[in-house]
Amino acid sequence: MLEIENLKTNFNTYDGVVKALDGVNLKIEDGEIFGLVGETGSGKSVTCYSALKLLPKAGEVVDGTIMLNGEDITNASDERLREIRGGEIGIIFQDPLSALNPVMTVNDQIGEILVLHQNAELQKLALEKEIPTLKSEKWKASPGVEFTIMAFCISFISLFVMLGQWRFSLPFLFVIMLMFLRDYLQRYNPASALDLMVIDALSRVKLPNPEQIANSYPHELSGGMQQRVMIAMALAGKAKMLIADEPTTALDVTIQAQILQLIKDIQKEENMSVLLITHDLGVVAETCEKVAVMYKGKIVEQATVEEIFSNPKNDYTKGLLEAIPKGSKERLKVPNLEETSVL
Amino acid sequence: MKLWIYVARRLALTIPVLLGVTIITFYLSYGMGDPLAAYVTERTTDEQYEMLAEKHGINEPIYVQYFTYLKSVITFDWGYSEVLNEEVSDALRYRFAATLELSILAFIFAVATAIPLGIFSSIRQNRWEDHSIRLFALAGSAIPIFWFALVLQYFFAVTLDVYFPELNWPITSRFDEVLWEIKDPIDMNTNFLLFDAIAAGSWIHFKDALMHMILPATVLAYSSMATIIRLMRGNMLDVLGQDYIRTAKSKGLSESQITYKHGAPNAMIPTVTLLGMGFAGLINGSVLTETIFTWPGLGAWAITAMRSLDVSAILAYTLFSAFLYIIANLIVDILYAFLDPRVELSGHSSTAEIVIVSLSILLLVTTYFSVNYAVVLGVIILVSLISFSLYFMGVRFWNNPEDLWLLLLSLGTLFVVWSILSGFFMTILMFLAIFYFGYLAYNWNDLKDSLTPKFDEFKRTLYQIRKNPLTMLGLFLVLSLISVAFFAPWLAPPSENQRDPMRMEEHFSFNQPRNFQPPCYFSCTADSGEVDGYILGSTDRGYDIYYGIVWGSRTSLDVAVKVVFTGTFIAVVIGAVSGYYGGRVDDIVMRVTDVFIAIPGLVLALAIIAVTEDTSIEMLMYALIIVGWPGFTRIIRAEALRIRKLPYIEAAKASGASDFRIIFKHVIPNCITSVIVIATMDMGGIVLSLAALGFLGFGGGPDLAEWGKLVSFGQDNILLGQWWSFFFPGLVIALWALGFYLLGDGIRDILDPKQRN
Numbered sequence: 001m002l003e004i005e006n007l008k009t010n011f012n013t014y015d016g017v018v019k020a021l022d023g024v025n026l027k028i029e030d031g032e033i034f035g036l037v038g039e040t041g042s043g044k045s046v047t048c049y050s051a052l053k054l055l056p057k058a059g060e061v062v063d064g065t066i067m068l069n070g071e072d073i074t075n076a077s078d079e080r081l082r083e084i085r086g087g088e089i090g091i092i093f094q095d096p097l098s099a100l101n102p103v104m105t106v107n108d109q110i111g112e113i114l115v116l117h118q119n120a121e122l123q124k125l126a127l128e129k130e131i132p133t134l135k136s137e138k139w140k141a142s143p144g145v146e147f148t149i150m151a152f153c154i155s156f157i158s159l160f161v162m163l164g165q166w167r168f169s170l171p172f173l174f175v176i177m178l179m180f181l182r183d184y185l186q187r188y189n190p191a192s193a194l195d196l197m198v199i200d201a202l203s204r205v206k207l208p209n210p211e212q213i214a215n216s217y218p219h220e221l222s223g224g225m226q227q228r229v230m231i232a233m234a235l236a237g238k239a240k241m242l243i244a245d246e247p248t249t250a251l252d253v254t255i256q257a258q259i260l261q262l263i264k265d266i267q268k269e270e271n272m273s274v275l276l277i278t279h280d281l282g283v284v285a286e287t288c289e290k291v292a293v294m295y296k297g298k299i300v301e302q303a304t305v306e307e308i309f310s311n312p313k314n315d316y317t318k319g320l321l322e323a324i325p326k327g328s329k330e331r332l333k334v335p336n337l338e339e340t341s342v343l
Numbered sequence: 001m002k003l004w005i006y007v008a009r010r011l012a013l014t015i016p017v018l019l020g021v022t023i024i025t026f027y028l029s030y031g032m033g034d035p036l037a038a039y040v041t042e043r044t045t046d047e048q049y050e051m052l053a054e055k056h057g058i059n060e061p062i063y064v065q066y067f068t069y070l071k072s073v074i075t076f077d078w079g080y081s082e083v084l085n086e087e088v089s090d091a092l093r094y095r096f097a098a099t100l101e102l103s104i105l106a107f108i109f110a111v112a113t114a115i116p117l118g119i120f121s122s123i124r125q126n127r128w129e130d131h132s133i134r135l136f137a138l139a140g141s142a143i144p145i146f147w148f149a150l151v152l153q154y155f156f157a158v159t160l161d162v163y164f165p166e167l168n169w170p171i172t173s174r175f176d177e178v179l180w181e182i183k184d185p186i187d188m189n190t191n192f193l194l195f196d197a198i199a200a201g202s203w204i205h206f207k208d209a210l211m212h213m214i215l216p217a218t219v220l221a222y223s224s225m226a227t228i229i230r231l232m233r234g235n236m237l238d239v240l241g242q243d244y245i246r247t248a249k250s251k252g253l254s255e256s257q258i259t260y261k262h263g264a265p266n267a268m269i270p271t272v273t274l275l276g277m278g279f280a281g282l283i284n285g286s287v288l289t290e291t292i293f294t295w296p297g298l299g300a301w302a303i304t305a306m307r308s309l310d311v312s313a314i315l316a317y318t319l320f321s322a323f324l325y326i327i328a329n330l331i332v333d334i335l336y337a338f339l340d341p342r343v344e345l346s347g348h349s350s351t352a353e354i355v356i357v358s359l360s361i362l363l364l365v366t367t368y369f370s371v372n373y374a375v376v377l378g379v380i381i382l383v384s385l386i387s388f389s390l391y392f393m394g395v396r397f398w399n400n401p402e403d404l405w406l407l408l409l410s411l412g413t414l415f416v417v418w419s420i421l422s423g424f425f426m427t428i429l430m431f432l433a434i435f436y437f438g439y440l441a442y443n444w445n446d447l448k449d450s451l452t453p454k455f456d457e458f459k460r461t462l463y464q465i466r467k468n469p470l471t472m473l474g475l476f477l478v479l480s481l482i483s484v485a486f487f488a489p490w491l492a493p494p495s496e497n498q499r500d501p502m503r504m505e506e507h508f509s510f511n512q513p514r515n516f517q518p519p520c521y522f523s524c525t526a527d528s529g530e531v532d533g534y535i536l537g538s539t540d541r542g543y544d545i546y547y548g549i550v551w552g553s554r555t556s557l558d559v560a561v562k563v564v565f566t567g568t569f570i571a572v573v574i575g576a577v578s579g580y581y582g583g584r585v586d587d588i589v590m591r592v593t594d595v596f597i598a599i600p601g602l603v604l605a606l607a608i609i610a611v612t613e614d615t616s617i618e619m620l621m622y623a624l625i626i627v628g629w630p631g632f633t634r635i636i637r638a639e640a641l642r643i644r645k646l647p648y649i650e651a652a653k654a655s656g657a658s659d660f661r662i663i664f665k666h667v668i669p670n671c672i673t674s675v676i677v678i679a680t681m682d683m684g685g686i687v688l689s690l691a692a693l694g695f696l697g698f699g700g701g702p703d704l705a706e707w708g709k710l711v712s713f714g715q716d717n718i719l720l721g722q723w724w725s726f727f728f729p730g731l732v733i734a735l736w737a738l739g740f741y742l743l744g745d746g747i748r749d750i751l752d753p754k755q756r757n
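Going down the list, the sequences are from chains A and B. Numbering follows the numbering used here, in which position 337 of the first sequence is assigned residue number 337; successive positions increment by one, without gaps. Numbering follows the numbering used here, in which position 486 of the second sequence is assigned residue number 486; successive positions increment by one, without gaps.
FYI, nobody ran anything at the bench for these hints, they're computed from the structure. Errors might be hidden in some of the hints.
To be verified - Dumping the calculated DSS-like pairs for lysine-lysine here, alpha-carbon to alpha-carbon at most 30 Å:
1) A:Lys124 - B:Lys261
2) A:Lys298 - A:Lys124
3) B:Lys467 - A:Lys19
4) A:Lys19 - B:Lys459
5) A:Lys8 - B:Lys183
6) A:Lys268 - A:Lys53
7) A:Lys8 - A:Lys290
8) A:Lys53 - B:Lys459
9) B:Lys665 - B:Lys645
10) A:Lys206 - A:Lys8
11) A:Lys238 - A:Lys57
12) B:Lys261 - A:Lys238
13) A:Lys57 - B:Lys459
14) A:Lys268 - A:Lys238
15) A:Lys53 - B:Lys645
16) A:Lys8 - A:Lys129
17) A:Lys268 - A:Lys57
18) A:Lys240 - B:Lys261
19) B:Lys665 - A:Lys206
20) A:Lys206 - A:Lys238
21) A:Lys238 - A:Lys264
22) A:Lys57 - B:Lys665
23) B:Lys261 - A:Lys57
24) A:Lys19 - A:Lys238
25) B:Lys665 - B:Lys653
26) A:Lys27 - A:Lys298
27) A:Lys298 - A:Lys264
28) A:Lys57 - A:Lys8
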């Protein structure tokens with residue numbers, strides 16, 4: 001599915017060049033859940049951002065090849081990259097509240113990705129059910145703009161009434177009436193094809209009451225619901241691969257388990273590939289089939305989950321495994337980085 | 001439903017602010033000389049004077065007078081304007097339409113240009129497009145409004161007239177009197193001329209009104225555009241770094257979709273909050289613009305009133321602008337609630353808020369029905385407020401005697417302010433420097449280790465200054481103008497017998513000058529026969545522009561340094577204490593600043609100066625400090641409020657540090673970045689206000705070398721082709737302000753850790 005070879009990424013900072021990735025090799029097969037573990041700053045997230053060219057301005061891919069289904073996308077055009085993002089690879093970010101746009105409803109945010117990557121489906125659904133593709137948004141502005149128009153009209157009306165020239169206020173009165181009329185008519189608008197597909201996407205991630213959630217803003221939802229919305233968004237474009245960048249870090253333990261279960265279920269249903277980035281070995285043991293351990297921009301070990309846990313070869317991996325609290329009286333031992341062989 | 005509660009709450013909160021504004025305007029009227037001067041002529045007998053005094057309640061005690069005034073305010077009996085021979089409320093009603101029409105057009109101009117420019121500048125960050133837009137924006141706030149207006153007038157009336165004599169572009173007034181009143185009169189029902197022209201269906205009238213409007217609207221718009229551009233750019237940069245932008249990118253949206261669908265709406269939210277301020281800027285600016293373009297609006301009317309000391313008109317104007325400003329901010333607040341779905345609409349009112357609002361309403365209602373009862377109520381409220389606060393302070397200091405340093409601090413603040421204003425400041429600064437170096441020497445061993453990283457930091461700062469061409473330009477401008485002030489005696493030597501080099505009249509009378517000389521640049525000797533001729537020309541009174549500019553830089557530097565130091569000092573102390581403690585102290589400080597901020601700065605300064613009839617440079621400084629401190633304090637307080645919630649303050653508290661130590665060791669050093677940036681910017685802003693006051697004829701005596709006044713000398717002779725007198729001094733003001741703005745902007749970028757990469 002996704003194959004990364006000798007990927008090198010640098011960050012240009014004032015204090016000099018930081019080598020965030022120093023020759024990363026990864027291979028993710030179709031339909032497997034692949035775990036990428038490592039400590040903070042080891043380059044896990046940078047790997048996936050480099051693959052999709054989502055790096056911040058200071059970052060730069062200097063070397064390496066990225067293959068997606070046998071296609072070299074290292075130097076792909078912007079257009080091709082935009083097709084891939086969301087359409088072939090969906091991403092879930094770690095803090096769902098800050099990763100969702102605070103001033104757009106869930107409906108708008110998921111709708112966007114559907115319009116971009118599922119346009120044909122949208123048209124087909126609209127034809128089948130004889131409903132409009134999108135909501136008739138000809139006159140629908142953002143609430144702020146609508147309010148501004150309203151405030152202008154009301155202030156002009158009051159001004160003209162105050163000045164004793166009420167007939168000049170008639171056109172403004174007319175505008176206000178039109179706005180109310182439009183609101184009234186929109187109440188009887190049939191749901192558009194887009195609405196139906198958004199609700200469908202939301203119910204796929206097992207959100208209760210998707211109609212209501214579709215019309216709410218991100219801050220009105222709980223953390224678990226926000227993450228489910230993120231997942232729904234990543235899946236909405238019918239991507240064949242999902243990158244989950246620490247999807248459970250900002251959530252509490254019970255919600256974490258639910259979200260991981262959801263990702264596993266969906267992976268099984270759709271036979272997707274999943275790249276799960278995490279620093280939690282427990283999550284890896286529970287979810288993944290294969291795992292790679294990263295340290296200082298390099299992959300130090302790559303094997304199946306059973307192998308890593310039963311027979312770790314690399315010293316750093318051993319250290320990581322020893323650091324897992326076992327609930328015994330044995331003192332926790334943090335891996336001493338200076339002693340490990342990778343250095 | 002929730003929204004209506006929110007609106008009602010915001011409306012209720014404006015009542016105490018308005019009440020506070022009436023206190024200020026009343027105090028202004030009370031503080032001036034004989035309030036009956038306008039009614040008294042040579043033939044007034046003592047008896048008549050007594051009757052007048054009786055009628056106007058002059059002999060009553062001050063609190064009775066206040067409530068009488070308050071009653072007249074709320075019943076819209078705003079007095080009679082002697083200058084215009086009409087009721088003030090009638091004049092307001094008639095002139096407000098003119099001002100509003102101009103302001104709305106200017107506002108639309110400004111917003112429609114500034115927001116796209118700001119967005120464009122942010123997506124081209126640090127490229128030449130960005131640099132030029134930033135320069136354009138900064139120039140907008142640095143160029144004095146009145147100078148820009150004069151330049152435009154000169155260009156349209158004189159320069160263009162040479163090439164297109166048939167264009168005949170109008171540079172004064174609101175409409176062509178001949179057309180509108182004699183040749184083809186149409187109904188002026190609304191007094192919004194554009195509407196009237198449309199209602200009458202007359203293209204000629206519409207064109208005429210629009211042509212008259214374009215120049216003043218452009219001037220007004222350009223000055224308020226600057227703030228919006230810079231804010232929009234900053235907010236966009238902030239928003240574009242957010243996580244949800246990355247999400248949008250990962251969905252496969254294109255750059256432009258990301259910018260306009262995800263970036264701009266989020267960046268608009270904080271921008272909208274500043275639009276209220278932008279409106280205040282328009283009111284400030286309309287005073288100057290209307291005066292220059294003789295626009296028959298409120299601003300020009302207020303200036304006429306101030307020049308002839310028409311008290312009722314001055315007070316009415318001050319009150320009215322405060323009222324407008326509050327309304328504009330109310331609208332903006334409500335708009336904000338609409339734009340940002342995260343805003344908690346219900347908001348819960350504190351007890352203090354409810355008490356203050358209900359007391360104000362009670363007071364207003366009582367005043368409306370009976371002044372006497374209101375006096376009793378007001379005295380009861382005042383006495384109980386004072387005794388309550390004394391009681392709480394007493395309890396506090398009784399329980400925590402170590403908090404008495406707060407009292408010492410306020411005494412110390414007063415002392416420093418006094419010392420700066422009275423000229424002792426340099427002595428005290430020297431003492432402070434000696435103490436500081438002593439402290440350094442005493443702690444040398446501890447300091448030695450901490451110096452190396454600081455040196456690195458310094459090198460990094462220098463590197464960043466050198467890297468940014470705009471900051472270098474600012475530094476250059478600032479340094480060269482300050483050195484002009486320093487080397488003034490050598491650059492423009494005063495005449496031998498001159499006692500005070502700052503007085504142009506003396507320079508003039510000792511120099512046997514010639515009036516109205518055009519600039520001769522470098523060939524002065526050949527042209528005028530004098531060695532030190534008029535390099536930059538002379539005014540119609542014979543004042544040497546070059547001499548005025550060089551010595552005027554001393555006035556500017558003096559005023560700017562003193563006002564900025566005093567203002568910043570007051571602001572840092574009050575802001576840090578009120579932000580750190582929060583609670584009751586904070587409530588009181590914030591209500592007081594609310595009242596001061598509600599009155600547009602230039603208007604308040606003008607009113608203070610006009611009412612005290614004292615145009616000395618010291619009075620100007622007091623006025624500028626009174627106007628400036630609330631804004632400073634607000635910013636510092638917001639910083640302190642942010643800082644006090646940070647974990648390291650908790651840590652300091654947990655390790656047993658006293659409040660004094662936390663405020664001075666943690667809170668103030670951590671908001672010093674914004675203090676430096678604000679102070680630098682205000683070095684420019686204060687000179688702009690000073691020049692505006694000087695331009696309007698309140699500039700420290702008739703012949704003090706002051707840039708704004710020099711500009712005003714040239715104003716009357718524009719049509720005679722005398723451009724040098726307004727052009728050069730205005731240019732220097734603009735360069736001064738631009739230099740400090742660029743420097744402040746650069747410093748902010750450097751000190752902001754987020755900008756480093």
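Hints, one by one, checked against the model:
1. A:Lys124 - B:Lys261: Since the Cα atoms of Lys124 (chain A) and Lys261 (chain B) sit roughly 26 Å apart, the hinted pair holds (cutoff 30 Å).
2. A:Lys298 - A:Lys124: violated (46 Å)
3. B:Lys467 - A:Lys19: Measuring from Cα to Cα gives roughly 25 Å; hence the hint holds.
4. A:Lys19 - B:Lys459: Within the cut-off at roughly 25 Å; holds.
5. A:Lys8 - B:Lys183: Violated, at roughly 80 Å.
6. A:Lys268 - A:Lys53: holds (28 Å)
7. A:Lys8 - A:Lys290: The given pair, whose Cα atoms are some 22 Å apart, holds under the 30 Å limit.
8. A:Lys53 - B:Lys459: At roughly 34 Å apart (the allowed maximum being 30 Å), Lys459 (chain B) and Lys53 (chain A) break the hint.
9. B:Lys665 - B:Lys645: holds (15 Å)
10. A:Lys206 - A:Lys8: violated (39 Å)
11. A:Lys238 - A:Lys57: Between Lys238 (chain A) and Lys57 (chain A) the Cα gap is close to 29 Å, so the pair holds against 30 Å.
12. B:Lys261 - A:Lys238: Status holds; Cα separation ~23 Å.
13. A:Lys57 - B:Lys459: holds (24 Å)
14. A:Lys268 - A:Lys238: holds (14 Å)
15. A:Lys53 - B:Lys645: violated (37 Å)
16. A:Lys8 - A:Lys129: violated (50 Å)
17. A:Lys268 - A:Lys57: Violated: Lys268 (chain A) and Lys57 (chain A) sit about 36 Å apart, past 30 Å.
18. A:Lys240 - B:Lys261: holds (27 Å)
19. B:Lys665 - A:Lys206: violated (53 Å)
20. A:Lys206 - A:Lys238: holds (17 Å)
21. A:Lys238 - A:Lys264: Measuring from Cα to Cα gives roughly 16 Å; hence the hint holds.
22. A:Lys57 - B:Lys665: violated (36 Å)
23. B:Lys261 - A:Lys57: holds (21 Å)
24. A:Lys19 - A:Lys238: Measuring from Cα to Cα gives roughly 34 Å; hence the hint is violated.
25. B:Lys665 - B:Lys653: Judged against 30 Å, a Cα distance of about 12 Å means the pair holds.
26. A:Lys27 - A:Lys298: Judged against 30 Å, a Cα distance of about 14 Å means the pair holds.
27. A:Lys298 - A:Lys264: Given that 30 Å is the threshold and the Cα spacing comes to 27 Å, the pair holds.
28. A:Lys57 - A:Lys8: holds (16 Å)
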